[in-house]
Amino acid sequence: MNVLLKFYHRLGSPREFYKISSALIPWLGWTSLILILLASYLGLVVAPSDYQQGDSYRIIYVHVPSAWLSMFIYVVLAVSAAIGLIWRMKMAYVIMICSAAPGAWFTMVALITGSLWGKPMWGTWWEWDARLTSELLLMFLYIGIIALYNSFDERRVAEKSTAILAIVGVINVPIIHYSVEWWNTLHQGSTVMRADGPAMDVRMLWPLLIMAFGFNLYYGLTLMQRARNQVLVQEARSSWVQSLVTEREQQ
Amino acid sequence: MTSTLYRLFLRDCKHHLRKQSDILNPLCFFVIICSLFPLGLSADRELLNTIGGGVIWVSVLLSMMMGLNQIFRDDYEAGVLEQFLFTHTTLTQVALAKIAAFWCLSALPMIILAPVMGTAYHLNGDQILVLMMGLTLGTPTLALLGSIGAALTLNLKNGGVLLAILILPLFAPVLIFGAGMVSAVGMGLPVNAQLSLLGALMFGSLSLAPFATSFALKNSLDY
Amino acid sequence: MNFADFFAMGGYAWYVWPSWLLTAFILLWNVIAPQRKHRQLLQQLRTQTKREHLKRARQSNRSQSP
Chain R
79 MNVLLKFYHR LGSPREFYKI SSALIPWLGW TSLILILLAS YLGLVVAPSD YQQGDSYRII
139 YVHVPSAWLS MFIYVVLAVS AAIGLIWRMK MAYVIMICSA APGAWFTMVA LITGSLWGKP
199 MWGTWWEWDA RLTSELLLMF LYIGIIALYN SFDERRVAEK STAILAIVGV INVPIIHYSV
259 EWWNTLHQGS TVMRADGPAM DVRMLWPLLI MAFGFNLYYG LTLMQRARNQ VLVQEARSSW
319 VQSLVTEREQ Q
Chain E
1482 MTSTLYRLFL RDCKHHLRKQ SDILNPLCFF VIICSLFPLG LSADRELLNT IGGGVIWVSV
1542 LLSMMMGLNQ IFRDDYEAGV LEQFLFTHTT LTQVALAKIA AFWCLSALPM IILAPVMGTA
1602 YHLNGDQILV LMMGLTLGTP TLALLGSIGA ALTLNLKNGG VLLAILILPL FAPVLIFGAG
1662 MVSAVGMGLP VNAQLSLLGA LMFGSLSLAP FATSFALKNS LDY
Chain Y
111 MNFADFFAMG GYAWYVWPSW LLTAFILLWN VIAPQRKHRQ LLQQLRTQTK REHLKRARQS
171 NRSQSP
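Residue numbers (the working numbering), protein chains in the order written: chain R, 79 to 329; chain E, 1482 to 1704; chain Y, 111 to 176.
Misleading hints may appear alongside valid ones.
[Claimed, not checked] Computed list of lysine to aspartate or glutamate pairs in EDC-like fashion (alpha-carbon distance at most 16 Å, straight line):
#1 R:Lys97 to R:Glu313
#2 E:Lys1495 to E:Asp1556
#3 E:Lys1699 to E:Glu1558
#4 Y:Lys160 to R:Glu325
#5 E:Lys1638 to R:Glu232
#6 R:Lys84 to R:Glu94
#7 E:Lys1699 to E:Asp1556
#8 E:Lys1638 to E:Glu1558
#9 R:Lys168 to R:Glu94
#10 E:Lys1638 to R:Asp231
#11 E:Lys1699 to E:Glu1563
#12 E:Lys1699 to R:Glu232
[What the hints assert, rightly or not] Sample of chain R residues facing chain E (criterion: CB under 10 Å; computed from the structure):
#13 Leu163
#14 Ser229
#15 Ser239
#16 Ile249
These aren't lab readings, by the way, just hints derived from the structure by calculation. For each residue, glycine too, the CB sits at the ideal point set by N, CA and C.
Make the full structure from the sequences, and use the hints.
In structure tokens:
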């Protein structure tokens, strides 16, 4: 516990965060790369064809992990917004802001691959089905967050405003999701998240889980990269950044 | 507490009534959007009846968006909002009074006009009744959620479009239940569930949104 | 392992491969772009610091020489 607390406090200081993230980035990069490549091999080559959907189901390995991640990132965003508002932690806002762009990208991947999967399966590029529509609304929420943050001149106000919006959004996400589901349901039922165990062949399931894990690490990677940049921008005037920069030159 | 709220509410109503364009413009906007849809689609009775509920709901939504941008702006620009920070009146009370005044002067006229629009879309009596009930329960939620967005974008020059981007996705549930109710009645289905859900959304946002709004206002005032 | 069959994806090649390629492209871009920005930022900060050092040096020179 003590170790964890210490780690938490270290992460709270921008300087320590810069050090830790810089050390983590290569590790996250290589492990996520290996996991994603392994899952790609297992998913594209080893896993058998689906008896109903043929090989088209292989889109699942990029579609579902990005859809999961798009929702997970929104939760991370809102939680860090709350931490920022309650404990006034500088780094929480950095995590919040730097999560928005990857979240929007993953939402976009989920939407486009969903559309590419829908064409052969449902015969149309777009269907106003519950999950696609709530994913679309999630995309709008991400766009709103990014647009709001970028429209302020003063970072302090921007951070707080964005945090409030993120929290309002996260309260609304389940309501939006259930209302849309109630409105229209065509999407195939969830095949992994079921109480009686996944309704999937194990050889099909493993690549998906590995891919999801790889995507999560990848999110960690891109988040650390972005957060590190943000810290540099915010702390540009501080002595540690200046000495960091001059140190680099001497090497 | 109540009398403070009431006085604030009356003050805001008077303020809006003095600037008549504040009330009339969104209302005209509402009527015009509703009239444009048949021109763009067709005057087919069946079609108009099917889309009527949705079209009227979306028009209400958009017209309310038009006014939301102004809800705190005049007081903000006159510096009145900042003065409230130094009085015993909390910003939550100010926000609640302003939202109520905004609802009375923008949503209420539209609810009253809704039967006219409904008739133009060949909605039957039950549908019009349900439309009005839905609007009565749903528009407070829209005003409450919208006030958060208005408070967040208060000191931005290009606030209007941004406000729409922030808030319109959050309006989706209200739209779904409200418009869904009108078509459900058209098919002879019960609408208890939608009514309860709209009511729940209204009370939920009534208990949370004013605090979020006042917090956002404080932040926008950089206090 | 027949490569032609593998690329044909049972007739769904036009749906499967674009999805995978697009995902790969976006994932790569989201790593490359911040990395590039990081390098640019360091560069920018370095020139900025150097300029300030020079300025300070010049000012102290000026104040020393009457």
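Tell me, which hint numbers fail for this structure? none
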